[in-house]
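Spelled out from the first residue to the last, the chains are:
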Amino acid sequence: MDLAPSEDQIALCDAATKWLGQNMPLDGARGRNPALFDEMMAMGWIGMTTPDIGLDHASEALVFIEMGRCLAPLAALPSAVAARWFDAPGKTALAIPDGDAVDDAVRIFDGEGATLALGLWNGNAGSIALPGGLPAGACLDPSSTLAVLNPSPAPMVASDGRAGLHLALLAAAYALGCAEAARDMAADYAKLREQFGRPIGAYQAIKHICADGVVRAAVARSQIFYAACALDADSADAAYHVAAAKRLADSAALANARDNIQVHGGIGMTDEASPHLVLKRAHLLAFVAPVATRVLLDAVLES
Amino acid sequence: MDIAFSPAERQFREACREWLRANVPAEHRPLNAVDALDFDKSWQLRLFEAGWAGINWPSEYGGRGLTLIEQVIWLEEYAKASAPWIGANFVGVNHGGPTLIANASEEQKAYHLPRILKGEAIWCQGFSEPGAGSDLAGIKTRGRIEGDEIIVNGSKIWTSFAHVADWQELVLRTEEGSEKHKGLSWVICDMKAPGITVTPITKMNGQTEFAQVFYDDVRVPLANVVGGLGNGWKVAMSTLGFERGTGFISDQVKQSQEVDALIAKARANGMIRNDVVAEDLATLRVEVSALRAMTYRNVSEVIRNGQPGAEASVIRLFTAELGQRIERMAVRLMGAEALDFHYGVDNPVSDYLRGFAATIAGGTAQIQRDIIGERVLGLPRMR
Ligand SMILES: Cc1cc2nc3c(=O)[nH]c(=O)nc-3n(C[C@H](O)[C@H](O)[C@H](O)COP(=O)(O)OP(=O)(O)OC[C@H]3O[C@@H](n4cnc5c(N)ncnc54)[C@H](O)[C@@H]3O)c2cc1C
Chain A
159 MDLAPSEDQI
169 ALCDAATKWL
179 GQNMPLDGAR
189 GRNPALFDEM
199 MAMGWIGMTT
209 PDIGLDHASE
219 ALVFIEMGRC
229 LAPLAALPSA
239 VAARWFDAPG
249 KTALAIPDGD
259 AVDDAVRIFD
269 GEGATLALGL
279 WNGNAGSIAL
289 PGGLPAGACL
299 DPSSTLAVLN
309 PSPAPMVASD
319 GRAGLHLALL
329 AAAYALGCAE
339 AARDMAADYA
349 KLREQFGRPI
359 GAYQAIKHIC
369 ADGVVRAAVA
379 RSQIFYAACA
389 LDADSADAAY
399 HVAAAKRLAD
409 SAALANARDN
419 IQVHGGIGMT
429 DEASPHLVLK
439 RAHLLAFVAP
449 VATRVLLDAV
459 LES
Chain B
2 MDIAFSPAER
12 QFREACREWL
22 RANVPAEHRP
32 LNAVDALDFD
42 KSWQLRLFEA
52 GWAGINWPSE
62 YGGRGLTLIE
72 QVIWLEEYAK
82 ASAPWIGANF
92 VGVNHGGPTL
102 IANASEEQKA
112 YHLPRILKGE
122 AIWCQGFSEP
132 GAGSDLAGIK
142 TRGRIEGDEI
152 IVNGSKIWTS
162 FAHVADWQEL
172 VLRTEEGSEK
182 HKGLSWVICD
192 MKAPGITVTP
202 ITKMNGQTEF
212 AQVFYDDVRV
222 PLANVVGGLG
232 NGWKVAMSTL
242 GFERGTGFIS
252 DQVKQSQEVD
262 ALIAKARANG
272 MIRNDVVAED
282 LATLRVEVSA
292 LRAMTYRNVS
302 EVIRNGQPGA
312 EASVIRLFTA
322 ELGQRIERMA
332 VRLMGAEALD
342 FHYGVDNPVS
352 DYLRGFAATI
362 AGGTAQIQRD
372 IIGERVLGLP
382 RMR
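Protein chains in written order, with our numbering: chain A, 159 to 461; chain B, 2 to 384.
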């Protein structure tokens, strides 16, 4: 048992953090150059768990947490899953079906240049072929475009249930990235902004909000590590642990994103400042592989 | 990263299970510290004789010399077997002993550590005072040095198990006129020494588990100072590190058992059909799963890099508040039966009332949040 990243994993993460910081800062999440996605692909960050690259889910999740912190493109999530389970290299868009019936409408996010979209139908990963000339509309998350297909083309569903867990785990990693980004943004601002002659972070009403953000992120990060290892080990209760990770990461992302806006005061709720970008991303991620309460209560856990 | 245990660790787990299955006492641990003393001592001795006390303590002092991983495995199995709380032994086992291992002289260690492990010596912690709780550096209990003795005067309060203890971790001001963190010493005080008066205090669940202690010219040999005269703050911080850190692993493991029992109960009494109850139970379940993951992560990091530092406060705070949420749920699932509680009853209501301690004792939730804000995030201090 070892639930701390290895030296190799730390090195991989550090390299990712460095590249992301230079090329993909969070505050540039709107209107990013599409070539950046291709670069991430070329560096092998998308499809790390394919037999070609052969890394484990834990290593991939670590990098996706870093990507999530910068609000990296949404398409990285479905593309990584499509590369591993659908033998579809290249960019795949994110599909969020309206309901579980196959002919319900489906929302397609971040679909420019993609010929496939991937999402979950009844908890199983499915891919749909995208028609050409998709409109590139706007949506809640300003980093992404949106097109609605109504009805949805029939999805081709993966035969292996782990494909759906893979998408849920990566979405959890992205959500944790939001939670950590919001936590750090709030703390940085609390050290900088002064009122009543002191940095606002000296006041406990602000300090303790920031501390709660640390706790939420630490809780979600721990469960994501565990879930990634459970998936790697093909444990019988991996589905539960991934669902638990997703549930905790989503609530951490939303709570930290909201708190971050409060810590910023007026500037926090403007279009110009970045806090809303994190909040909006967190809301979107909650719709990717949402977790049913029943699944959490009914799961039988290995002891 | 890997969640699988090695074959040797799995074998160790099997041995824990087997022994616990055959040896966990059928009778309940009595509620009050005095009534429970014999139970606590004989259970600790049985643990020691079978090799389950001090799993990660050095073998020269009676421990097993194994790692924190074996300690965690033992505590997991201990909770699963519904083995009794170690009660009066908890101060000595969880933080008194570890503080001695880290700071004490050879003679001190050789004398005290085996007695702690065997349940022969009960310890208590004399840190808090009527005027110094969260602000621990404000303590006023003083020690005047006379020859090779310290003459102690003052008072400590909320001292758990003081009325049954043999020894105390006593932090006092040994330098006259000193202030705050300076001039303090951490000493081993004999609780049977002349001049000590212990007044037990009853908690709101009816349990009498802590006390106020008065010192009237109590003589403590200078040889009982741990970590050097005037270094008491540093030694006390190491005690709190153990108290807030690894000392809580057993609570964490217990919580997961409790939540699964609550889910089973809610299914049995039909309350699970209430969506709000179901949602809250599911949240508790994922939170205890994450707590285990956090504990594993913490243990892995301690093994790799030494002590975890301020991150211990993160686990400590989460464990404390999660425990209280679980206790509240247990009471909620009792319905109006909760109203039948009275002193002497050992049920979820008693645990709920006792559980308020989790966010007060060992540093309040507010103090933990200060620590996280200041030491993890680097926010400015106000004090
Ligand atoms: C069950 C139990 C067992 C205990 N056992 C022991 C023991 O064995 N040995 C021992 O030495 N002590 C023990 N304690 C004492 C415990 O450590 C103290 O109660 C604790 O440190 C708080 O101190 P206090 O009670 O004086 O409260 P105070 O410090 O007076 O706090 C009162 C309230 O004010 C808040 N507060 C205080 N300072 C600040 C601040 N700077 N910022 C924000 N809020 C603040 C606190 O969070 C709390 O909510 C025990 C306590 C309990 C409840």
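It cannot be assumed that every hint is accurate.
To be verified - Label-pair distances were calculated between CB atoms; the ranges are:
{"no.": "1", "chain 1": "B", "residue 1": "G52", "chain 2": "A", "residue 2": "D456", "range": "31 to 41 angstroms"}
{"no.": "2", "chain 1": "A", "residue 1": "Q420", "chain 2": "B", "residue 2": "S7", "range": "24 to 34 angstroms"}
{"no.": "3", "chain 1": "A", "residue 1": "G202", "chain 2": "B", "residue 2": "R329", "range": "23 to 33 angstroms"}
{"no.": "4", "chain 1": "A", "residue 1": "M427", "chain 2": "B", "residue 2": "T203", "range": "27 to 37 angstroms"}
{"no.": "5", "chain 1": "B", "residue 1": "Q12", "chain 2": "A", "residue 2": "D456", "range": "54 to 64 angstroms"}
{"no.": "6", "chain 1": "A", "residue 1": "D210", "chain 2": "B", "residue 2": "G52", "range": "46 to 56 angstroms"}
{"no.": "7", "chain 1": "A", "residue 1": "G319", "chain 2": "B", "residue 2": "A269", "range": "51 to 61 angstroms"}
{"no.": "8", "chain 1": "A", "residue 1": "G319", "chain 2": "B", "residue 2": "R47", "range": "23 to 33 angstroms"}
{"no.": "9", "chain 1": "B", "residue 1": "R274", "chain 2": "A", "residue 2": "M314", "range": "50 to 60 angstroms"}
{"no.": "10", "chain 1": "B", "residue 1": "R47", "chain 2": "A", "residue 2": "D456", "range": "53 to 63 angstroms"}
{"no.": "11", "chain 1": "B", "residue 1": "E50", "chain 2": "A", "residue 2": "D318", "range": "33 to 43 angstroms"}
{"no.": "12", "chain 1": "A", "residue 1": "G355", "chain 2": "B", "residue 2": "T203", "range": "53 to 63 angstroms"}
Stated by the list, open to error - Computed far set for chain A versus chain B, every beta-carbon distance over 10 angstroms:
{"no.": "13", "residue": "L194"}
{"no.": "14", "residue": "M201"}
{"no.": "15", "residue": "G202"}
{"no.": "16", "residue": "D256"}
{"no.": "17", "residue": "A348"}
{"no.": "18", "residue": "P357"}
{"no.": "19", "residue": "A369"}
{"no.": "20", "residue": "V373"}
{"no.": "21", "residue": "F383"}
{"no.": "22", "residue": "D390"}
{"no.": "23", "residue": "I425"}
Source of the hints: derived by calculation from the structure; they are not laboratory data.
The model shown is predicted, which means the values in this text are computed figures rather than measured ones.
Note that CB positions come from ideal geometry on N, CA and C, so glycine has one too.
Fill in: Structure versus earlier hints - violations, ascending order
2, 3, 4, 5, 7, 8, 9, 10, 11, 12, 17, 18, 19, 20, 21, 22
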